[in-house]
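K.L.:
Work out the full structure, taking the sequences as your base and the hints as a guide.
In the working numbering, the protein residues as written are 3 to 323.
Pairs of lysine-lysine residues, derived as DSSO-like cross-links and limited to a Cα-Cα distance of at most 27 Å, are as follows: (1) K35 with K257; (2) K37 with K256; (3) K35 with K262; (4) K262 with K37; (5) K262 with K250; (6) K251 with K103.
In case anyone wonders, no lab produced these hints; they're calculated from the structure.
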Amino acid sequence: MRMSMSICKQTSHLLHIPTSGIDLKDLCRWPQKEKVVVVMGATGTGKSRLSIDLATRFPAEIVNSDKMQVYEGLDIVTNKITKEERCGVPHHLLGVVDPNKDVSATTFCTMASLAVNSIVRRGQLPIIVGGSNSFIEALIDDEEHEFRSKYECCFLWVDVSMPVLNSFVSHRVDRMVERGMINEVRNMFNENADYSRGIRRAIGVPEFHHFFRGESLISDEETRARLLEEAINAIKINTRKLAHRQRKKISRLKKLKGWKIHQLDATDAFRNRGRESDEAWENLVAGPSTEIVSQFLYNFHPLVYSNLMGMRALKAAATHT
3 MRMSMSICKQ TSHLLHIPTS GIDLKDLCRW PQKEKVVVVM GATGTGKSRL
53 SIDLATRFPA EIVNSDKMQV YEGLDIVTNK ITKEERCGVP HHLLGVVDPN
103 KDVSATTFCT MASLAVNSIV RRGQLPIIVG GSNSFIEALI DDEEHEFRSK
153 YECCFLWVDV SMPVLNSFVS HRVDRMVERG MINEVRNMFN ENADYSRGIR
203 RAIGVPEFHH FFRGESLISD EETRARLLEE AINAIKINTR KLAHRQRKKI
253 SRLKKLKGWK IHQLDATDAF RNRGRESDEA WENLVAGPST EIVSQFLYNF
303 HPLVYSNLMG MRALKAAATH T
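P.N.:
Here it is as structure tokens:
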């Protein structure tokens with residue numbers, strides 16, 4: 003579910019909360035703790051889309067918590083949000099680390115804490131978003147409870163039923179191939195590479211190893227095509243397995259650790275196409291999330307957000323008068 007510039011236009015300033023000349027900290031009346039929103043979910047569920055929805059409705063900046071997207075390069079393989087899709091929202095820890103280095107949970111926590119602190123100092127809302135739940139857990143529940151002592155968190159879980167998500171991520175791999183994933187990985191192929199370090203751990207890199215190694219040695223087109231198909235199928239299988247693990251991890255955080263996580267079922271948005279999909283997303287995910295965050299920040303529900311479809315109709319009518 004890729005985003006388009008139309009989404010940026012639809013979501014901008016829907017709440018009409020006046021922020022000019024007002025520091026977010028004063029508006030939200032935070033006597034002790036600053037506030038942070040955390041967007042969670044398995045790979046492919048639309049976390050980036052929701053983070054942009056929220057960041058264009060609240061004065062916010064986004065902190066990436068995906069352990070592969072933190073590395074520079076392989077934008078297609080790691081499915082980084084594009085500059086166009088960011089809608090002008092500042093992003094932190096996205097493509098900033100040498101792809102050959104390892105980023106541990108400890109290193110991530112240090113970088114993320116600095117980013118969150120800088121965002122709060124500017125009077126903005128930090129939105130942490132990514133599928134690496136181990137990184138998020140390490141940051142939120144650090145041993146000294148330092149993060150919890152400074153920040154109050156609102157957790158949003160974008161969820162999609164596994165059968166629907168399995169189908170979606172398989173199709174997404176096909177689209178990644180169409181966008182140039184194979185050449186992107188080929189350009190950094192090294193027969194002696196260590197696939198346990200850096201960005202080469204990303205799903206979509208080690209799966210191509212046998213294909214690239216035999217590509218120049220095998221002249222038979224049918225054999226080469228079979229190796230390529232096997233590599234692509236392996237990526238699909240491993241992506242589905244990753245999504246399943248991520249979903250279980252979030253359930254564990256909710257049930258065993260007691261995290262108060264707001265679960266938003268986006269399944270219908272993935273079942274539908276076009277306008278129906280966008281409407282389902284707004285009604286089931288973006289709209290409810292906006293109200294949850296509004297309550298979290300301001301302790302009230304903005305009056306302007308009662309009928310999004312009516313607002314769109316009025317806006318469309320005004321445009322054509």
